[in-house]
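This is what each chain is made of:
Number of protein chains: 2
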Amino acid sequence: MNGVERYERSRSLFERAAKVIPGGIYGSKAPGFLVPGAYPYYIESTKGCRMRDADGNEYIDYLCGYGSQIVGYGNERVDGPALERASRGDLLDQPAPVMVDLAERLVASVEGSSWAVFMKNGTDSTTLAYSLARVRTEKPMAIMAAGAYHGAANWCGANPFAALASDREGVLSFRYNDLGGLERLFAENRGRIACLFLTPYHHPTFKPQELPDPALYETARRLCDAEGALLVMDDIRGNFRLHSRGSHVRFGAKPDLWCMGKALANGYPISALLGAEGTRATANSFFITGTYWMSAVPMVAAMATMDEMERLGGVPRLESLGLLLKEGLESAGRESGFGARISGPPAIPFLTFDEDPDLYLNQRFGAAMARRGVFLHPHHNWFISLAHGEDDIAETVSRAREAFAAMRAGRE
Amino acid sequence: MNGVERYERSRSLFERAAKVIPGGIYGSKAPGFLVPGAYPYYIESTKGCRMRDADGNEYIDYLCGYGSQIVGYGNERVDGPALERASRGDLLDQPAPVMVDLAERLVASVEGSSWAVFMKNGTDSTTLAYSLARVRTEKPMAIMAAGAYHGAANWCGANPFAALASDREGVLSFRYNDLGGLERLFAENRGRIACLFLTPYHHPTFKPQELPDPALYETARRLCDAEGALLVMDDIRGNFRLHSRGSHVRFGAKPDLWCMGKALANGYPISALLGAEGTRATANSFFITGTYWMSAVPMVAAMATMDEMERLGGVPRLESLGLLLKEGLESAGRESGFGARISGPPAIPFLTFDEDPDLYLNQRFGAAMARRGVFLHPHHNWFISLAHGEDDIAETVSRAREAFAAMRAGRE
Chain A
1 MNGVERYERS RSLFERAAKV IPGGIYGSKA PGFLVPGAYP YYIESTKGCR
51 MRDADGNEYI DYLCGYGSQI VGYGNERVDG PALERASRGD LLDQPAPVMV
101 DLAERLVASV EGSSWAVFMK NGTDSTTLAY SLARVRTEKP MAIMAAGAYH
151 GAANWCGANP FAALASDREG VLSFRYNDLG GLERLFAENR GRIACLFLTP
201 YHHPTFKPQE LPDPALYETA RRLCDAEGAL LVMDDIRGNF RLHSRGSHVR
251 FGAKPDLWCM GKALANGYPI SALLGAEGTR ATANSFFITG TYWMSAVPMV
301 AAMATMDEME RLGGVPRLES LGLLLKEGLE SAGRESGFGA RISGPPAIPF
351 LTFDEDPDLY LNQRFGAAMA RRGVFLHPHH NWFISLAHGE DDIAETVSRA
401 REAFAAMRAG RE
Chain B
1 MNGVERYERS RSLFERAAKV IPGGIYGSKA PGFLVPGAYP YYIESTKGCR
51 MRDADGNEYI DYLCGYGSQI VGYGNERVDG PALERASRGD LLDQPAPVMV
101 DLAERLVASV EGSSWAVFMK NGTDSTTLAY SLARVRTEKP MAIMAAGAYH
151 GAANWCGANP FAALASDREG VLSFRYNDLG GLERLFAENR GRIACLFLTP
201 YHHPTFKPQE LPDPALYETA RRLCDAEGAL LVMDDIRGNF RLHSRGSHVR
251 FGAKPDLWCM GKALANGYPI SALLGAEGTR ATANSFFITG TYWMSAVPMV
301 AAMATMDEME RLGGVPRLES LGLLLKEGLE SAGRESGFGA RISGPPAIPF
351 LTFDEDPDLY LNQRFGAAMA RRGVFLHPHH NWFISLAHGE DDIAETVSRA
401 REAFAAMRAG RE
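Which chain is which? The protein sequence lines are A and B, in order.
This note's numbering numbers the first residue of the first sequence as 1 and each following residue consecutively.
This note's numbering numbers the first residue of the second sequence as 1 and each following residue consecutively.
Hints are computed from structural coordinates only; laboratory data are not their basis.
Be a bit skeptical, because a hint or two may be false.
The list treats identical chains as interchangeable, and a pair is accepted whether it falls inside one copy or across any two copies.
[Unchecked claim] Straight-line C-alpha distance at most 20 Å; calculated SDA-like pairs for lysine to any residue:
{"hint": "1", "residue 1": "LYS19", "residue 2": "ARG105"}
{"hint": "2", "residue 1": "LYS47", "residue 2": "LEU83"}
{"hint": "3", "residue 1": "LYS139", "residue 2": "ARG168"}
{"hint": "4", "residue 1": "LYS47", "residue 2": "SER87"}
{"hint": "5", "residue 1": "LYS139", "residue 2": "ASP167"}
{"hint": "6", "residue 1": "LYS47", "residue 2": "ARG88"}
{"hint": "7", "residue 1": "LYS139", "residue 2": "GLY278"}
{"hint": "8", "residue 1": "LYS47", "residue 2": "ASP101"}
{"hint": "9", "residue 1": "LYS19", "residue 2": "LEU185"}
{"hint": "10", "residue 1": "LYS47", "residue 2": "HIS379"}
{"hint": "11", "residue 1": "LYS139", "residue 2": "GLU15"}
Just chain A, with the same shape it has in the complex (with noise of 0.2 Å):
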């Protein structure tokens, strides 16, 4: 079966679709960012760690909801207690007392915090998080590393596409591990640095995955109090697959901010930013607020997915089967004879190909596993959700066996 009648109905679907939408699809779904053509873009069903696309195609999948998936698409223990909330309203004019419960719990797991704030997006916490840090030290400029994701606000410096110039005059970025370079980016703009943000390890598009320097972090903090700027852990991609306390414990950091989201509900959206005890003044001098903020349904999906998480085995469950993906994906690509390489922490693996910077391979094997019914981002990492099972693991390895041979053979 060739390419357009598999995805007959995602193309008919996408062409009526990019007469009344930019792009068709816009942002990181844009087919663009797949192999287009070669993968579905319109998914009609999920469940567990199975996906069904909208030419009823069936698929493993590996990138659940670009990391929201944690416990499982549609797990009964979180979608069970958040239909009971829902039943009894979810937006509301005041919040919910599930608001305070949550708050205490999370303040209670994510270590070195004292204050929790809730939002919607992932962008809302990183930007509450970069204003606060510069109304808290009267300083203007974020620091980040180059090709790290932090929103896809304006002010990130990251996002490579269409904005004014003026509008990421407030980012510099060092190149991620290059320890002295970030000294010296601190020691040319002292007196001017709000804050430094960091993802617990380093995860650009498009490259392979790299863990932080085992000084990176110390020479962070100290680089940090010596400004007097505030270190931002950007958790949001991490969130509960690196450690149950928060990312930083695994890495030994000790941040002032966290931004949180995805993997916090299981898909419900939510995002949160964390405070260490100084820099709840300023937080409270904040004027913080969206309509959807305090709904209560994705703030009872959060504390459902943290008992989920628990019960199902946690971050060393999500470790094991990491391991045993990557193991078998290496190993199916050496007997074709590519150098396939999974980078990054276990539950949030990515391949590349060290033959191939250039993602060729990627696109290609990506396409030949989508067309054999596993769902592996070429260009985005991917994420081992707690409802994989060593079953599942198993044949995605037995699918890549296949398609590296095909590959190899010159028939993918």
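Once you have looked at the hints, place chain B on chain A.
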């Protein structure tokens, strides 16, 4: 029963919250935006136009989740399809087919629009409108009416709260309905204006609402055309309560961009930006993205909300209910010698006292009504929903008659 007893659980929740959440409750739901001690701080459940607070007190609700409830809390014809969609997945790796249906339907409904994108917050929509206008025109400034609310982002000049002064340098403001002033602002900033933001009518916080001067929109269009600036209709608060084809139709406005949200999906989290054909190419060039922006459940809810609006009588029904409320409350006020006056369009009323522009009487009246089981915001406009009935309005007016009499007698 005194205030402490009536709201005991609200208070005790708030005491816990104050330890782990900045301000305990932040933003527009902060107790200080109501009358501290005289309103519930936490809501437990809702149905139709009624709600029950954390202490079990019941209310007829006229805030409607800050306008988001338009066909009533827990409306089964909205929640039914939404829950069915939820059972098959909400946040997916790619959009669900309903995204195409919703874009087609909105573009067909909103007069003058030719494309739509979906986001979460109202502020996402106004911020994208501002960015798009700046990129389209290559000019930096937005004009807004003083006191108008276009979101909680730093760039919106309307937010009077903490942010760096430099964050607001992109906004100029004029006195609403001062057509000469608006003309001068354009003249003095020729070549620098990217866009003019207007809400369909003026609904400043803490003040009576004001309908547009009959010449406002013709003037606005002419000035924008001469400057090459875009006219942005921020219809988030008015959404579907003024006209079924967009609030601009009611007032004869011809915008280039439309911001929608709140009532769009009866409280399910979604916002939208719509654009006229002339803005399509610029929209195509943007990277528009957010983890939850293509979630399917709110899109299904939006479709169902539009159906249900129509079935229940739409804007004419909302207006007849609103007029009943206006006549009833104004007449009840007069009976006790108060100049209580309802301003704004009938479906989005707000009460102020002619004899007290400082709103002390508003606060006394709001507190007296809260005690009597009617939730009327003392500082922010109200909303009628299609779940309100003549009997609810009659009960409200009857409680108001008691409240005004008690105020006149010095007992409130």
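Hint by hint, here is what the structure shows:
In this assembly of identical chains, LYS19 and ARG105 lie within 20 Å of each other by CA distance solely across copies; the values are 12 Å between and 46 Å within a copy. Within a single copy, LYS47 and LEU83 get their C-alpha atoms as close as 17 Å, and across copies as close as 15 Å, so both meet the 20 Å cut-off. When the C-alpha separation of LYS139 and ARG168 is checked against a cutoff of 20 Å, the pair qualifies both within a copy, at 15 Å, and between copies, at 16 Å. Taking the closest pair of Cα atoms, LYS47 and SER87 come within 20 Å of each other only across two copies (9 Å); inside a single copy the shortest separation is 22 Å, beyond that limit.
In this assembly of identical chains, the alpha carbons of LYS139 and ASP167 lie at most 20 Å apart whether taken from the same copy (16 Å) or from different copies (12 Å). For the homomeric pair LYS47 and ARG88, the shortest alpha-carbon distance between copies (7 Å) is at most 20 Å, but the shortest distance inside one copy (25 Å) is not. Taking CA atoms no more than 20 Å apart as the test, LYS139 paired with GLY278 passes inside one copy only; the shortest distance there is 17 Å, against 39 Å between copies. Within a single copy, LYS47 and ASP101 get their C-alpha atoms no closer than 28 Å, and across copies no closer than 23 Å, so neither meets the 20 Å cut-off.
In this assembly of identical chains, the alpha carbons of LYS19 and LEU185 never lie at most 20 Å apart, being 46 Å within a copy and 37 Å across copies at closest. Proximity of LYS47 and HIS379 under a CA criterion of 20 Å is satisfied in neither setting, with 24 Å inside one chain copy and 45 Å between copies. In this homomeric assembly, LYS139 and GLU15 never come within 20 Å of each other (Cα to Cα): the closest approach is 48 Å inside a single copy and 33 Å across copies.
Hint violations for this structure: numbers 8, 9, 10, 11, all remaining hints satisfied.
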